[in-house]
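Peer 1: Given next are the chains, with one letter for each unit.
Protein chains: 2
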Amino acid sequence: MLNRIEQILQRARQERSRTLAVAAAQDIYVLTAVNLAAKDGLCIPILTGKRDEILRLMPEARRYEIIDCDSDEASARTAVSLVKNGRADCLMKGLLPTGTLIKAVLNKEEGIRTDRLLSHVMVYEAKSYPKLIFNTDGGINVAPNFEQKVQILKNAALMLKALGYESMIAACVCGAETVSEKISATVDADKLSKMEGEFSEYNMKILGPVGLDLAISTEACRHKRYEKEGAGRADILLFPNYEAGNCMGKTLTYFAGAKSAGIVMGAKVPIVLVSRADTAETKMASIALGCIVGGRE
Amino acid sequence: MLNRIEQILQRARQERSRTLAVAAAQDIYVLTAVNLAAKDGLCIPILTGKRDEILRLMPEARRYEIIDCDSDEASARTAVSLVKNGRADCLMKGLLPTGTLIKAVLNKEEGIRTDRLLSHVMVYEAKSYPKLIFNTDGGINVAPNFEQKVQILKNAALMLKALGYESMIAACVCGAETVSEKISATVDADKLSKMEGEFSEYNMKILGPVGLDLAISTEACRHKRYEKEGAGRADILLFPNYEAGNCMGKTLTYFAGAKSAGIVMGAKVPIVLVSRADTAETKMASIALGCIVGGRE
Numbered sequence: 001m002l003n004r005i006e007q008i009l010q011r012a013r014q015e016r017s018r019t020l021a022v023a024a025a026q027d028i029y030v031l032t033a034v035n036l037a038a039k040d041g042l043c044i045p046i047l048t049g050k051r052d053e054i055l056r057l058m059p060e061a062r063r064y065e066i067i068d069c070d071s072d073e074a075s076a077r078t079a080v081s082l083v084k085n086g087r088a089d090c091l092m093k094g095l096l097p098t099g100t101l102i103k104a105v106l107n108k109e110e111g112i113r114t115d116r117l118l119s120h121v122m123v124y125e126a127k128s129y130p131k132l133i134f135n136t137d138g139g140i141n142v143a144p145n146f147e148q149k150v151q152i153l154k155n156a157a158l159m160l161k162a163l164g165y166e167s168m169i170a171a172c173v174c175g176a177e178t179v180s181e182k183i184s185a186t187v188d189a190d191k192l193s194k195m196e197g198e199f200s201e202y203n204m205k206i207l208g209p210v211g212l213d214l215a216i217s218t219e220a221c222r223h224k225r226y227e228k229e230g231a232g233r234a235d236i237l238l239f240p241n242y243e244a245g246n247c248m249g250k251t252l253t254y255f256a257g258a259k260s261a262g263i264v265m266g267a268k269v270p271i272v273l274v275s276r277a278d279t280a281e282t283k284m285a286s287i288a289l290g291c292i293v294g295g296r297e
Numbered sequence: 001m002l003n004r005i006e007q008i009l010q011r012a013r014q015e016r017s018r019t020l021a022v023a024a025a026q027d028i029y030v031l032t033a034v035n036l037a038a039k040d041g042l043c044i045p046i047l048t049g050k051r052d053e054i055l056r057l058m059p060e061a062r063r064y065e066i067i068d069c070d071s072d073e074a075s076a077r078t079a080v081s082l083v084k085n086g087r088a089d090c091l092m093k094g095l096l097p098t099g100t101l102i103k104a105v106l107n108k109e110e111g112i113r114t115d116r117l118l119s120h121v122m123v124y125e126a127k128s129y130p131k132l133i134f135n136t137d138g139g140i141n142v143a144p145n146f147e148q149k150v151q152i153l154k155n156a157a158l159m160l161k162a163l164g165y166e167s168m169i170a171a172c173v174c175g176a177e178t179v180s181e182k183i184s185a186t187v188d189a190d191k192l193s194k195m196e197g198e199f200s201e202y203n204m205k206i207l208g209p210v211g212l213d214l215a216i217s218t219e220a221c222r223h224k225r226y227e228k229e230g231a232g233r234a235d236i237l238l239f240p241n242y243e244a245g246n247c248m249g250k251t252l253t254y255f256a257g258a259k260s261a262g263i264v265m266g267a268k269v270p271i272v273l274v275s276r277a278d279t280a281e282t283k284m285a286s287i288a289l290g291c292i293v294g295g296r297e
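From first to last, the protein sequence lines are chains L and A.
Under the numbering used here, think of the first position of the first sequence as 1, with each following residue one higher.
Under the numbering used here, think of the first position of the second sequence as 1, with each following residue one higher.
Excised from the complex, chain L in its bound form (with noise of 0.2 Å):
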């Protein structure tokens, strides 16, 4: 179990470098993270893009490998098949739109996909809590279904198995405690949490439907009587829709001063996607995320 972003930093420290391929890396926030994360021993990067501009923001990129590619597709393209000729561990999202990037990750033939979803993963260094928190699915899947939850929870189990994790509590999060058959979200966090047995090569606990509080508060569980093995020490955060996740997320940042990473899971590789907002610790410590799971995979 980690408490902290920076034992994730240590551990990418600690292992093999391993291979980042930058897809249109010239964008002067991801050349800085990814120059920083490089010194530090983090990954070995392997940049595609626009091999001029590139160099122009940061002269120092000419001890990297950059291949040019013309066009953002070219750059996808060129990126993700280092992944797939086993050239690199992990991939990384450049100044070119999201999508652009998911297409060539997705492509039948020349893609990286595998039989599992794409889902985000962001993990919180949160000060009052006592763990890592793993926050599920807050940037992909809006409105994911019962089949798609276990998925991304699927996901989320091999994110913290490939950080040494030997067991893991998971916490279906919804508005309350209640089964209610007006409302999806408890439904499906009801039947989760008899599945535990799909999910016991990752020895996890799953609890049903819970408050958030339920899920963070060992306090609140004493007040309202929530006796569950696990209870109030959740290590995955599975979020009914986005816009929870997403929103919780947000709150943890701007007004818990939280430190976070995160990563795009399910494709062959792990997927870093930074945003220009974010600080260049979290830059860094996505890529370290990247890096460790790529590894393991």
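Derived by calculation from the structure, the hints in this document are not laboratory data.
Some clues are possibly wrong.
[What the hints assert, rightly or not] Some chain L residues flagged as far from chain A (calculated, every beta-carbon gap over 10 Å):
| # | residue |
| --- | --- |
| 1 | D52 |
| 2 | N107 |
| 3 | K127 |
| 4 | A162 |
| 5 | G197 |
[As the list claims (entries may be wrong)] FRET-style restraints, in silico, Cβ to Cβ:
| # | chain 1 | residue 1 | chain 2 | residue 2 | range |
| --- | --- | --- | --- | --- | --- |
| 6 | L | T98 | A | S128 | 24 to 34 Å |
| 7 | L | N203 | A | E60 | 44 to 54 Å |
| 8 | A | E60 | L | H223 | 18 to 28 Å |
| 9 | L | T279 | A | G86 | 53 to 63 Å |
| 10 | L | K103 | A | K103 | 43 to 53 Å |
| 11 | A | K191 | L | L55 | 39 to 49 Å |
| 12 | A | S167 | L | K39 | 46 to 56 Å |
| 13 | L | E53 | A | E219 | 47 to 57 Å |
| 14 | L | S180 | A | E198 | 30 to 40 Å |
[Stated by the list, open to error] Computed cross-link-like contacts, PhoX-like style, restricted to lysine-lysine with a CA-CA straight-line distance of at most 20 Å:
| # | chain 1 | residue 1 | chain 2 | residue 2 |
| --- | --- | --- | --- | --- |
| 15 | L | K268 | L | K84 |
| 16 | A | K259 | L | K127 |
| 17 | A | K131 | A | K161 |
| 18 | L | K182 | A | K103 |
| 19 | A | K127 | L | K259 |
Heads up, the beta-carbon is just placed ideally off N, CA and C, and yes, glycines get one too.
Since the structure of chain L is provided, determine the placement of chain A on it from the hints.
Peer 2: Leaving out everything else, chain A in the frame of chain L:
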């Protein structure tokens, strides 16, 4: 504009005391909060419910009017009738199922329904934000449609007006800023942002689809070059579904140490619903909020 929950209590103390009808008051948490609020000059309680049980739990309650009722239904009906007859300005839930109270509220002949939708509004004081945040609806309407969102926003506007706001900024919180036909929350948010005329009596600016970051962080707005008037400084956060509002609120409480108060709007008077897990301060603030709004509507 208010920035502290304490200002709500101050305002309630300064005004003429409002009468609070408590349905099924035989609950020590509810009685304690009501007694504290009454002593603090926030309200004049009338208790309905099991008189003997009420007096056993809190002998001090003999100083208040108690109407003996032998069932939850009778307590609910009696408390609602106090409002209907103009004797009470605000309603509070005691030890009875929420559904029983709401049924009495919505009863066509004996109830206190209006043509407005019932919706829940929570007020948060978060340290890092310079204003109170009015979060709606994380409690009642699970998946509101567009028309319901309009009504939820009006209910919140009424609350702010009752609190003395002469203008207000509302943000339609989504996962991100882009309008996508596939994501109904963004389509509704886009339509709402073009309806400021409908809310002109409240002098309300409405931000279209925004991620939570652009609703509450001016720094995030600068990073993402989002420049609408009021961006990053919302008073009201309108959520696309109740899980999102609920998760954001609980994150504020449990991770950011925010203070809060909350009531149900949309009936003839506000309804105070407190949870056992609420702090004494939250319970009193909710009563104060209910009494102020009940005195205004």
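Peer 1: If a hint holds in the structure, say so; if it doesn't, say that too.
Peer 2: Status of the hints after comparison with the structure:
Once the 10 Å rule is applied to beta carbons, D52 of chain L is consistent with being away from chain A; the minimum gap is 26 Å. At roughly 21 Å, the least C-beta separation between N107 of chain L and chain A is larger than 10 Å, which holds for a residue marked as non-interface. Interface exclusion of K127 of chain L from chain A breaks down, the closest Cβ pair being 8 Å apart, not more than 10 Å. Consistency note on A162 of chain L: stated as away from chain A, and its beta-carbon is indeed over 10 Å from all of that chain's, at 26 Å minimum.
For G197 of chain L, the shortest C-beta to C-beta distance to chain A comes to about 27 Å, beyond the 10 Å cut-off, and the non-interface label holds. Range check, T98 of chain L to S128 of chain A: Cβ separation about 29 Å, and the 24 to 34 Å hint holds. Here the CB-CB span from N203 of chain L to E60 of chain A is close to 53 Å, well matched to the stated 44 to 54 Å. Between E60 of chain A and H223 of chain L the CB atoms are about 24 Å apart, so this pair conforms to the stated range of 18 to 28 Å.
With their beta carbons about 56 Å apart, T279 of chain L and G86 of chain A fall inside the hinted range of 53 to 63 Å. The given range of 43 to 53 Å is respected by K103 of chain L and K103 of chain A, whose C-beta atoms sit roughly 52 Å from each other. Between K191 of chain A and L55 of chain L the C-beta distance comes to about 46 Å, which sits within the given range of 39 to 49 Å. Distance hint check: the CB atoms of S167 of chain A and K39 of chain L are about 50 Å apart, consistent with the given range 46 to 56 Å.
Judged by the Cβ atoms, the range 47 to 57 Å given for E53 of chain L and E219 of chain A is violated: they are separated by roughly 28 Å. Remark: the range hint 30 to 40 Å for S180 of chain L to E198 of chain A is upheld by a beta-carbon distance near 32 Å. Annotation: proposed proximity of K268 of chain L to K84 of chain L holds, straight-line Cα distance about 8 Å (limit 20 Å). Distance restraint check for K259 of chain A and K127 of chain L: the Cα-Cα separation of roughly 18 Å lies within the 20 Å cut-off, and the hinted pair is therefore satisfied.
Taken as a hint, the K131 of chain A and K161 of chain A pair is honoured in the structure, with Cα atoms around 15 Å apart against an allowance of 20 Å. With a CA separation close to 18 Å, the supplied pair K182 of chain L and K103 of chain A stays within the 20 Å bound. Straight-line distance between C-alpha atoms of K127 of chain A and K259 of chain L comes to about 18 Å, which keeps the hinted pair within the 20 Å bound.
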